[in-house]
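Q: Same order as they appear, the protein sequences are chains A and B. One rule links them: number in the working numbering = place in the first sequence (from 1) + 88. One rule links them: number in the working numbering = place in the second sequence (from 1) + 15.
Simulated from the structure, these hints should not be mistaken for laboratory data. Wrong hints could be hidden among the right ones.
[As the list claims (entries may be wrong)] Subject to a maximum C-alpha distance of 30 Å in a straight line, what follows is the list of computed DSS-like cross-link-like pairs (lysine-lysine):
id, chain 1, residue 1, chain 2, residue 2
1, B, Lys179, B, Lys134
2, B, Lys87, B, Lys43
3, B, Lys36, B, Lys94
4, B, Lys179, A, Lys139
5, A, Lys139, B, Lys94
6, A, Lys258, B, Lys134
7, B, Lys94, B, Lys237
8, B, Lys134, B, Lys159
9, B, Lys237, B, Lys179
10, B, Lys36, A, Lys258
11, B, Lys179, B, Lys152
12, B, Lys43, B, Lys179
13, B, Lys179, A, Lys258
14, B, Lys159, B, Lys237
15, B, Lys237, A, Lys139
16, B, Lys87, B, Lys237
17, B, Lys94, B, Lys43
18, A, Lys139, B, Lys134
19, B, Lys152, B, Lys36
20, A, Lys258, B, Lys159
21, B, Lys87, B, Lys152
22, B, Lys94, B, Lys179
23, B, Lys152, B, Lys134
24, B, Lys237, B, Lys43
[Unchecked claim] If the Cβ cut is set under 10 Å, some of the chain A residues that face chain B in the computed set are:
id, residue
25, Ala118
26, Val156
27, Asp256
28, Lys258
29, Ala259
30, Val260
31, Arg264
32, Gly267
33, Val273
34, Ala277
35, Gln281
36, Leu283
37, Ile353
[As the list claims (entries may be wrong)] Pulled a few chain B residues facing chain A out of the computed Cβ check, cut under 8 Å:
id, residue
38, Asn103
39, Ala120
40, Ser127
No residue lacks a Cβ here, since even glycine has one placed at the ideal position from N, Cα and C.
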Amino acid sequence: MTTVSTWRWPTPSGWPPLPLVGGVLALLCALWLTAPIVEVDFVRLIGSLGKMVGFTGQMFVTPDWNYVPQLLAKMLETIEMTILGTAIAIVLSLPMGILAARNATPHIAVYRLTRDVLSLMRALPELVWALVFVSAVGLGPLPGVMALAFVTVGFMGKFFAEAIEVVDRKAVEGVRAHGAGWLQVRLFAMLPQALPDFVGTVMYILDHNLRAAAILGLVGAGGIGYDLVMSMRLFQYDRLLLIALAIYLVVTLLDRASDRLRSRIIHGKQA
Amino acid sequence: MSAISIQSVTKRFPNGFEALKGIDAEIKSGSFTVVLGPSGAGKSTLLRLMNGLETPTSGEVRIGGESVDAHKLRHIRSKVAMVFQQFNLVDRLSVVTNVLTGRLAHRSWVGSVFYLFRKEDMEIAQEALARVALTDKAWNRADKLSGGQQQRVGIARALAQQPKVILADEPVASLDPVSSEEIMALLREICDRDGITVVVNLHQVELARRFADRIIGMNSGKIVFDGNPEQMTQSVLRTIYQREGIEDDNSLDMALAYA
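Okay, chain A solo, but in the shape it has when bound (with noise of 0.2 Å):
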């Protein structure tokens, strides 16, 4: 009882909120409920280990260096259809973000509407929206550009208007209060506050898709995708090892240069 008497949370009784102990069991009893529906079996996980193990040793074998040349043409296709994709897209979130922010829209209806389209885009996985793009304009990296920047409007237009709805209001009446227009106190207080979260969400967009570019090759849109599902399913684990560790390669150096590139935008130049 000791316990009780000592230790408090910091609510008038001393005791945790009803709601949250009751929200935290709820959603205890559901996965114990749900566990079962999906498979989730700790006995077949623990059995399938050798299986596992086996796999990935037969990815160290002697890499296929003749298929370098290729590998690298790919991978090139594959980074130019995400920078591709992405900037079409920023170029795009710009304006969706500032209709889907509540303290930007011109008005609340705009406000609903933006987001529901948006919710739309990205409702679906890219691979989807590429099968639908390769149909209207044929197989190649244009359609997979297309998917990309289409799924990537709908998850940035959104993390735009979050960025934007968090500014601070001091700064925006600040420009305002001296007459600044619809457009331009929106150009002048708002974005550069938000510029910081803006960067961090490209960042991870510019990650997001270089994965997701990775595999469009899937449906004939493009990319390293294709030789990636081949090797594994004729077995060329020689070739397989070498795609694996290109992406990982690309992604790594991505996360250094965001790295760099968001502290200098945080700090500014000095830093």
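The hints should help you fit chain B onto chain A, whose structure is shown.
A: Relative to the frame of chain A, chain B by itself:
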């Protein structure tokens, strides 16, 4: 001719709080007016009405003969600059860009889309920075400056607007005594040299006495004193700062003894 005319203005906020209970005042062009009063007296609301940041529940505010209404806010604001307690600068922009935002009222959105300003705007901004002695900080980011310096940027932004009126809402409340003195002297100098009408909300009685042409005392939404600094006696101060329901307020006497 009065620069600012406030005619039977009341302001009730949506939560039911009545901030202003019938205010009438004329403020002469080129004068330096200080508004004194306890927190919650309605000083800020009154000032914000003059810039259209709030709209009156009834009554009218006129700036240079023109009514402050929602349809021509931008036009009114191009003549009325505002200096804030928390400076309200855009932290992430350079000092000079912050000053340039004072020019936006006079420019269309077309150039603004590309962050472009005219050459004469840049000259006006540099001149304003020279007035507040911050030329050497022009390209620093606004949030790298000290509080006193940031407030001077705020004043430079107001100057760049080339306004008829500068409203300052507790401009020295976040500053140390030396910076406060600097800021008040700067505002006074702008009033004297440029003939700009200045209205300042203050908590410092002593600063009000030294810098103001005219002092308006407010208490719970009403004007309780209006006169020059010499007329502001100890008993007037008691009226301005008295608290509702407290007859013999000892802490009031203590606080005002050396004011």
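Q: Look at each hint and say if it fits the structure.
A: Now the hints, each set against the structure:
1. Lys179/B - Lys134/B: This hinted pair holds, its Cα atoms lying about 23 Å apart.
2. Lys87/B - Lys43/B: The hint holds at about 23 Å.
3. Lys36/B - Lys94/B: Measuring from Cα to Cα gives roughly 27 Å; hence the hint holds.
4. Lys179/B - Lys139/A: Not OK: Lys179/B and Lys139/A at ~81 Å, beyond 30 Å, violated.
5. Lys139/A - Lys94/B: Status violated; Cα separation ~77 Å.
6. Lys258/A - Lys134/B: holds (28 Å)
7. Lys94/B - Lys237/B: holds (27 Å)
8. Lys134/B - Lys159/B: Holds, because 26 Å separates the two Cα atoms, which is no more than 30 Å.
9. Lys237/B - Lys179/B: holds (26 Å)
10. Lys36/B - Lys258/A: Holds - the C-alpha atoms of Lys258/A and Lys36/B are around 27 Å apart, at most 30 Å.
11. Lys179/B - Lys152/B: holds (27 Å)
12. Lys43/B - Lys179/B: holds (12 Å)
13. Lys179/B - Lys258/A: holds (23 Å)
14. Lys159/B - Lys237/B: violated (40 Å)
15. Lys237/B - Lys139/A: Violated, because 83 Å separates the two Cα atoms, which is more than 30 Å.
16. Lys87/B - Lys237/B: Holds. Lys87/B to Lys237/B sits at ~28 Å (cutoff 30 Å).
17. Lys94/B - Lys43/B: Since the Cα atoms of Lys94/B and Lys43/B sit roughly 15 Å apart, the hinted pair holds (cutoff 30 Å).
18. Lys139/A - Lys134/B: violated (71 Å)
19. Lys152/B - Lys36/B: With a Cα-Cα distance of about 44 Å, the restraint between Lys152/B and Lys36/B is violated, given a limit of 30 Å.
20. Lys258/A - Lys159/B: holds (17 Å)
21. Lys87/B - Lys152/B: Given that 30 Å is the threshold and the Cα spacing comes to 35 Å, the pair is violated.
22. Lys94/B - Lys179/B: With a Cα-Cα distance of about 5 Å, the restraint between Lys94/B and Lys179/B holds, given a limit of 30 Å.
23. Lys152/B - Lys134/B: At roughly 19 Å apart (the allowed maximum being 30 Å), Lys134/B and Lys152/B satisfy the hint.
24. Lys237/B - Lys43/B: Given that 30 Å is the threshold and the Cα spacing comes to 20 Å, the pair holds.
25. Ala118: violated (40 Å)
26. Val156: For Val156/A, the interface hint is violated, since the closest Cβ of chain B sits about 44 Å away, which is over 10 Å.
27. Asp256: holds (7 Å)
28. Lys258: holds (4 Å)
29. Ala259: Interface hint status for Ala259/A: holds (5 Å vs cutoff 10 Å).
30. Val260: holds (8 Å)
31. Arg264: holds (8 Å)
32. Gly267: Where the cut-off is 10 Å and the nearest Cβ of chain B is about 3 Å from Gly267/A, the hint holds.
33. Val273: holds (8 Å)
34. Ala277: Cβ of Ala277/A sits 5 Å from chain B, so the hint holds.
35. Gln281: holds (6 Å)
36. Leu283: Because about 6 Å separates Leu283/A from the closest Cβ in chain B, which is inside the 10 Å limit, the hint holds.
37. Ile353: Ile353/A check passes; min Cβ-Cβ to chain B is 9 Å, inside 10 Å.
38. Asn103: holds (3 Å)
39. Ala120: Holds, because the Cβ-Cβ distance from Ala120/B to chain A comes to roughly 3 Å (cut-off 8 Å).
40. Ser127: With Cβ-Cβ at 5 Å, under 8 Å, it holds.
Checked against the numbered hints given earlier, this structure breaks hints 4, 5, 14, 15, 18, 19, 21, 25 and 26; the rest are met.
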